[in-house]
Amino acid sequence: MGSVGAKDIPVLLTPEGLRIDGRRLDELRPLRIQAGPLHQADGSAFVEWGANKVMAAVYGPREVHPRHLQQNHKAVIQCKYNMAAFSVDERKRPGLDRRSQEISKVIAEAFESVVFAEEFPRTSIDVYIEVLQANAGTRCAGLVAASVALADAGIPMVDLVPAVAVGKISGQIALDLKKEEDNFGEADLPMALVPQSGRLVLLQMEGHMTPDELSRALDLGVVGCKAIYEKMKQALRDRYSVDPIAAGAA
Amino acid sequence: MTPEVTAEIRTSHILDLAGEGKRLDGRGPDEYRHVEVVPGFVTTADGSALVRIGDTAVLAGVKLEPGKPFPDTPNAGVLTTNAELIPLSSPVFEPGPPQPGAIEVSRVVDRAIRAAEAIDLTRLCVTPGEKTWVCYVDLHVLDHSGNLIDAAMLAGVSALAHATVPAKRFGIAESDYPLDLQHVPVECTFVRLGDTLVIDPTFDEELAAQGRLTIATDETGRVVAMQKGLVGAFSPDDVREVVRRALVHGDRLRIAARGGKT
Numbered sequence: 001m002g003s004v005g006a007k008d009i010p011v012l013l014t015p016e017g018l019r020i021d022g023r024r025l026d027e028l029r030p031l032r033i034q035a036g037p038l039h040q041a042d043g044s045a046f047v048e049w050g051a052n053k054v055m056a057a058v059y060g061p062r063e064v065h066p067r068h069l070q071q072n073h074k075a076v077i078q079c080k081y082n083m084a085a086f087s088v089d090e091r092k093r094p095g096l097d098r099r100s101q102e103i104s105k106v107i108a109e110a111f112e113s114v115v116f117a118e119e120f121p122r123t124s125i126d127v128y129i130e131v132l133q134a135n136a137g138t139r140c141a142g143l144v145a146a147s148v149a150l151a152d153a154g155i156p157m158v159d160l161v162p163a164v165a166v167g168k169i170s171g172q173i174a175l176d177l178k179k180e181e182d183n184f185g186e187a188d189l190p191m192a193l194v195p196q197s198g199r200l201v202l203l204q205m206e207g208h209m210t211p212d213e214l215s216r217a218l219d220l221g222v223v224g225c226k227a228i229y230e231k232m233k234q235a236l237r238d239r240y241s242v243d244p245i246a247a248g249a250a
Numbered sequence: 001m002t003p004e005v006t007a008e009i010r011t012s013h014i015l016d017l018a019g020e021g022k023r024l025d026g027r028g029p030d031e032y033r034h035v036e037v038v039p040g041f042v043t044t045a046d047g048s049a050l051v052r053i054g055d056t057a058v059l060a061g062v063k064l065e066p067g068k069p070f071p072d073t074p075n076a077g078v079l080t081t082n083a084e085l086i087p088l089s090s091p092v093f094e095p096g097p098p099q100p101g102a103i104e105v106s107r108v109v110d111r112a113i114r115a116a117e118a119i120d121l122t123r124l125c126v127t128p129g130e131k132t133w134v135c136y137v138d139l140h141v142l143d144h145s146g147n148l149i150d151a152a153m154l155a156g157v158s159a160l161a162h163a164t165v166p167a168k169r170f171g172i173a174e175s176d177y178p179l180d181l182q183h184v185p186v187e188c189t190f191v192r193l194g195d196t197l198v199i200d201p202t203f204d205e206e207l208a209a210q211g212r213l214t215i216a217t218d219e220t221g222r223v224v225a226m227q228k229g230l231v232g233a234f235s236p237d238d239v240r241e242v243v244r245r246a247l248v249h250g251d252r253l254r255i256a257a258r259g260g261k262t
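Protein chains in written order, with our numbering: chain A, 1 to 250; chain B, 1 to 262.
If you are wondering where the hints come from, they were derived from the structure by calculation, not from laboratory data. Careful, some of the hints might be misleading.
Said to hold, decoys possible - Distance condition first, Cα-Cα at most 16 Å in a straight line; then the derived EDC-like pairs of lysine to aspartate or glutamate:
1. B:228 - B:55
2. B:228 - B:206
3. B:168 - A:89
4. A:226 - A:159
5. B:168 - A:90
6. A:231 - A:89
Starting from the given sequences, assemble the full structure and let the hints guide the process.
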């Protein structure tokens, strides 16, 4: 993942406990969520999270393509996570690679756990995630965007699904890693939470953590997810709430 | 009602309106939609621009990498244009290998950039016959509400206009330098609706169209490329008319390409 100019390992944590962008260990990067920016999709969302820019669109429930994936008792949820060629330092060759396919699969499975798919038999709910600018944590940013897009599309769900990556840098558990922390840190643990049930519907991990560190990482991730959850709900409120004074005048 | 049926009803309505010189969205036949260009939208790219034409949105990203020149042009850089009509942008696009529509968009844009000599490719040569810059223009359609060619072209040329050659990052020169455009080509697309030639078609107008004609012009008033598409025909006088109109609108689009609003 190292860029062309990558040099020595940067100092990820100062003695004062500050990270390279000045955040504390339990602090999220700035997060902005916009619900419904696209016109053709049934639901959409744009997420700017730190230096990540991710667009998500939802189509459906609609006919299933390819046909043989159709299920008689419920909707299938198909997810395509894709990175734009220019979204990373070294140009990524366009098209599906193994990483994108795996991420698409785990995100689709996360949503299958919350969507009331049995309400739409023989249909497909298609979730498209486009990473336009990447800076670590794109699967979580994509999941947050797609979750808001599903709500924007009016798909019935148990709950929204906030997601965040927790990691380990300089031996410390840290919330929401940015690129340098992801490249040079010791562990990365993306997770997605269903706040209503307190259960995780996406959980991956790479690196090394002790059981104690892992336990603390999970706790920190849940706290982070709950903060993100509030922003997701606010994005939907911003799109759908009606100003009573303006509405009265219209 | 299926989408096909509603589309057919809409098509006949669009054609009826066009007969009176009107359009579904209230525009006149020669009225372009609101155009907005956001340069530098993606900081991981060496140059980028988000273009909105009405509800249509296209994001272009430029990446430069060292590579090998083609054997027949040892002193010139390499330019590659690629368009992705991703299924995020429209219910009509499906995942998979590039469809003919995507290939047409990328080739029409590529042709205009080359024909206008927008970039001096010889300036991208590092060592003749051995090393040159390869310039990738990736066009990402985000919201397909018609007239993708004009939007993709504007995004591409705007991304190039704001692009930096990452010479320092690749250890080729002491510092990065701007790519610089010699010329600024833009495309102007028209469709025939009955006897009316309307500019900047929406998605529904493209479905109703009896022929599409795209004219690429540069700032010197030259026509640098043309493309006729869809089923339909144009008379020589039709072509002369749209070239005249394309030059007028082209100048406005060129201002937008530099990052202004029109």
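(message) Of all the hints numbered above, which does this structure not satisfy? Sort the numbers upward.
(response) 1, 6
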